[in-house]
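Chemist: So the chains spell out like this:
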Amino acid sequence: MKVHEYQAKAILSAFGIPVPRSGVAATPEEARRIAQDMGGNVVVKAQIHAGGRGMAGGVKAVSSPQEAETVAKGLLGQRLITHQTGPEGAPVNRVLLEEPAQIAKEYYLAVIIDSGARCPVIMASEAGGMEIEEVAATAPEKILRANVDPIIGLQPFQCRNLAYGLNLPADLIRPAAALIANLYKVFEDKDCSLAEINPLAITSDGQLMALDAKLNFDDDALSRHPDIQELRDTGQEDPLEVEASEFGISYVKLDGDVGCMVNGAGLAMATMDSISMADAMPANFLDVGGGATEEQVAQAFKLLISDPQVKRILVNVFGGILRCDVAARGIVAASQETEAKVPIVVRMLGTNADEGKDILAKSGLGVILVNDLNEAALMIKQAASAS
Amino acid sequence: MSILVNENTRLLVQGITGREGSFHALRCLEYGTNLVAGVTPGRGGTVWEEKVPVFNTVKQAVSETDANVALIFVPAAFAADAILESTDAGIPLIACITEGIPVMEMVRVAKYLKNNPTRLIGPNCPGLISPGSNCKIGIMPGNIHTPGRVGVISRSGTLTYEAVNQLTALGIGQSTCVGIGGDPIGGTSFVDLLQLFQDDPETDAVVLIGEIGGTKEQEAAEYIRAHVTKPVVGLVVGITAPAGRRMGHAGAIITGSAARADEKVKALREAGVHIAPSPADIGITMKQALG
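Going down the list, the sequences are from chains V and Z. Using our numbering, read the first sequence as starting at 602 and increasing by one per residue. Using our numbering, read the second sequence as starting at 26 and increasing by one per residue.
Any given hint could be a false lead.
[Unchecked claim] Here are the simulated BS3-like cross-link-like pairs (lysine-lysine), alpha carbons at most 30 Å apart as the crow flies:
| id | chain 1 | residue 1 | chain 2 | residue 2 |
| --- | --- | --- | --- | --- |
| 1 | V | Lys815 | V | Lys603 |
| 2 | V | Lys786 | V | Lys603 |
| 3 | Z | Lys139 | V | Lys786 |
| 4 | Z | Lys136 | V | Lys786 |
| 5 | V | Lys942 | V | Lys963 |
| 6 | Z | Lys139 | Z | Lys255 |
| 7 | V | Lys903 | V | Lys603 |
| 8 | V | Lys958 | V | Lys854 |
| 9 | V | Lys912 | V | Lys815 |
| 10 | V | Lys791 | Z | Lys136 |
| 11 | V | Lys791 | Z | Lys139 |
| 12 | Z | Lys312 | V | Lys743 |
| 13 | Z | Lys136 | V | Lys603 |
| 14 | Z | Lys312 | V | Lys815 |
| 15 | Z | Lys291 | V | Lys854 |
| 16 | Z | Lys312 | V | Lys982 |
Read the hints as simulated data drawn from the structure, not as lab findings. Note that this is a predicted model, so its numbers are computed, not measured.
Please model the entire structure based on the sequences and the hints provided.
Modeler: Encoded structure:
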């Protein structure tokens with residue numbers, strides 16, 4: 602799960618990490634008031650769940666409360682399009698107003714899980730402000746790493762090593778080491794999947810400060826963090842994905858026109874790949890899950906049909922825990938409730954596959970039954986030329 | 026023959042009285058697995074399905090039944106504890122089916138297991154099966170498997186069934202099939218299993234199914250290049266997945282170029298792996314590789 606910058610900074614601040622003085626506004630009038638309180642000179646930052654805001658015009662420095670109001674008015678209620686949002690952009694419902702920092706130097710600092718090393722890793726770099734993927738690709742030697750033993754935790758010497766490695770001024774070694782330890786504490790206490798400060802700045806008056814922050818949380822650990830759950834902003838997510846998550850279905854919206862419904866994430870990806878090999882593009886990733894019920898299958902199928910981009914549907918079920926007859930009944934139930942008339946190609950295999958196919962064949966839905974993935978992809982291709 | 030499990034396997038199921046645990050324990054039993062004990066705290070002293078004794082603790086179950094493989098079905102919030110309980114009881118092999126264990130918990134479990142002889146398969150995996158020994162430790166449909174001499178390793182569940190089904194349809198039997206799980210942090214790796222299959226005199230070739238995310242396939246490629254003389258057929262799924270999005274499996278997310286499917290395919294191909302041109306061609310590619 603992602604949160605907004607202002608939410609991430611509030612968490613960092615609660616853990617003792619210095620962040621700029623700021624306020625959050627949902628209306629232009631509020632923005633004006635906050636700017637007024639802060640003396641007029643502020644940076645107005647659009648709050649969306651994506652990076653690249655600066656380049657897209659979502660971050661602007663202003664010098665008066667009036668200007669803050671005008672800029673906020675231009676951002677609030679709009680959709681901001683950055684290179685990370687896709688062409689539809691993301692809605693701006695809040696702006697963060699911050700005291701501008703005089704930056705002497707910028708650094709990068711993050712905690713993530715390194716699945717290769719099988720532990721959390723602290724990454725730090727003098728090349729702050731840049732996208733870290735770019736630094737990793739062009740100058741990997743500029744990234745310092747410290748693996749954290751998850752049982753004994755991050756040690757003070759590791760924090761010092763990083764601080765010295767960043768060539769920080771002598772008087773900032775201790776504060777930097779403390780800041781790194783605090784960021785790790787956020788990561789561990791809140792079950793983050795990413796805790797990133799970029800840039801971490803030294804201000805012109807010699808202070809360390811988190812100027813931008815990103816916190817992502819482990820979805821599997823959210824149940825034990827009700828405070829984090831409350832920060833979820835579903836307005837930043839695809840409405841179909843939000844709906845899917847309510848039914849316990851794993852769904853990701855994509856750009857193509859072939860709706861797919863599959864049981865199992867690996868088989869779902871394999872199905873999507875087969876579709877693309879037949880010169881078509883999947884409209885989504887959809888895993889109904891191992892032990893889906895008839896209702897869940899029906900919900901998943903309705904979700905597919907409700908996507909206006911979907912022009913044809915491919916269902917691939919390998920019956921195991923989920924029996925094919927259950928999946929078939931779910932599909933029939935969902936189809937009877939909707940008016941959509943798109944070609945449906947179904948491939949069923951495994952437990953009760955014959956019963957499942959029989960239910961579909963007798964349903965009057967005109968379902969095209971196929972035996973393997975290549976044939977499925979071929980029929981999807983033909984369905985395109987026919988429609 | 027097979028790797029990891031065989032006719033000497035004595036299975037213990039943690040969470041045997043739960044809905045899923047009970048359902049799958051029965052399927053394992055029907056397949057011929059020697060299911061000797063169940064563990065559910067608070068249900069000790071009862072007998073499951075009038076066949077299998079249930080114990081309160083793994084330690085007790087092991088001392089009374091000599092169980093040597095644990096299969097875990099307990100809910101995500103308690104699964105890490107269940108893994109550690111079986112490890113502490115000295116069980117040499119654990120398969121954890123449970124999905125959704127917080128990553129930080131698995132990180133700690135993985136670190137603990139590192140200094141321990143116990144091997145973990147999973148979590149978030151279908152388990153493992155050796156058809157020749159009628160030994161099924163997991164949730165895979167038993168009937169699609171057939172005894173034979175090809176090993177299967179995969180990060181996925183149903184995609185593994187797809188691969189096995191293609192093999193069986195072409196008359197290619199399996200020695201052992203293992204799902205290592207879809208989480209970023211798991212127990213046994215591709216490399217561990219490649220080593221076991223390479224050393225297993227009853228395995229002639231291996232199917233390896235990878236997916237986007239992490240660098241497990243590159244590590245496998247590295248190992249294959251240096252140590253594996255048996256033919257390996259490979260498939261990597263997720264070519265169409267966008268960056269930064271989680272594709273169902275917590276591990277299936279593209280962050281950085283090494284996590285991309287094309288990079289993984291390239292690494293495997295360069296290591297001499299026979300790449301299946303499409304997910305429907307796993308079986309036929311193996312048939313060709315076997316000559």
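Chemist: Hint numbers the structure violates, sorted upward?
Modeler: Hint check: 9, 12, 14 fail, others pass.
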